[in-house]
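If you use the working numbering, the sequence shown corresponds to residues 288 to 449, in order.
Among these hints, one or two may not hold up.
Claimed, not checked - Derived lysine-lysine pairs resembling DSS-like cross-links, with alpha carbons at most 25 Å apart:
1. K413 <-> K348
2. K348 <-> K417
3. K348 <-> K392
4. K348 <-> K422
Unchecked claim - Restraint ranges, calculated between C-beta atoms of paired labels, are given here:
5. T434 <-> P394: 29 to 39 Å
6. P393 <-> R416: 32 to 42 Å
7. H432 <-> R379: 32 to 42 Å
8. T434 <-> L378: 25 to 35 Å
9. P393 <-> H437: 38 to 48 Å
These are calculated hints, taken from the structure and not from any lab test. Remember, it's a predicted structure, so these values are computed and weren't measured experimentally. Note that CB positions come from ideal geometry on N, CA and C, so glycine has one too.
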Amino acid sequence: MCFEGHLRPAAWCTSMVKTILVDQDVEEGRRLLNILSGTSAVPETLWGKERVAVLPAVRFKVEAAFWWYLTESSEWRLVIATRLVDEIGPLRTYAEIQTILSAIKPPLTLTVQNISVVSPKDERVKVLRKTVRVKGSSTGMRFAHNTIDHVYVDDSFIYRVH
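Build the full structure now, drawing on both the sequences and the hints.
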């Protein structure tokens, strides 16, 4: 048991608490993915006038997208697997996402600090592909407490893997 001053220090006890993935995170992730795949328009402000525009997000060709629980830091990360990481590198891919995030109105609470961009060759993407297939039109699925090819999936919420 963890009580402050008993058996374990309080800092150790709080680090053992798992952060919860809430519905707002799932919905904001879905909203961003719809914009990245070009299925949603993004309001854009140009010279003080707001207009609806589809940003060049179709380039993203999101091959996999999922929330992944990072056990070590007790936090959730939205993982986006796209060939852009291989083509232009992760820094430029993050910059593209930041441009899109800053154009979304009303703004999301999701930031690039909550996102990991990876190559479709990433180990997590490979192991999920071996186990599940989730199309982009699906509502998504929870996948947790499994080991695939020596990779442990503590917890995840999968939007798409193909």
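Tested hints:
1. K413 <-> K348: Roughly 17 Å separates the two Cα atoms, so the pair holds.
2. K348 <-> K417: Answer holds: K348 to K417 is near 20 Å, not above 25 Å.
3. K348 <-> K392: With Cα atoms ~22 Å apart, K348 and K392 stay inside 25 Å; holds.
4. K348 <-> K422: 13 Å, holds
5. T434 <-> P394: 29 to 39 Å: With a Cβ separation near 38 Å, T434 and P394 satisfy 29 to 39 Å, so the hint holds.
6. P393 <-> R416: 32 to 42 Å: Holds: the Cβ-Cβ distance is about 34 Å, inside 32 to 42 Å.
7. H432 <-> R379: 32 to 42 Å: 36 Å, holds
8. T434 <-> L378: 25 to 35 Å: Taking Cβ atoms as reference, T434 and L378 lie about 32 Å apart, which means the hint holds.
9. P393 <-> H437: 38 to 48 Å: Given range 38 to 48 Å: holds, Cβ gap about 42 Å.
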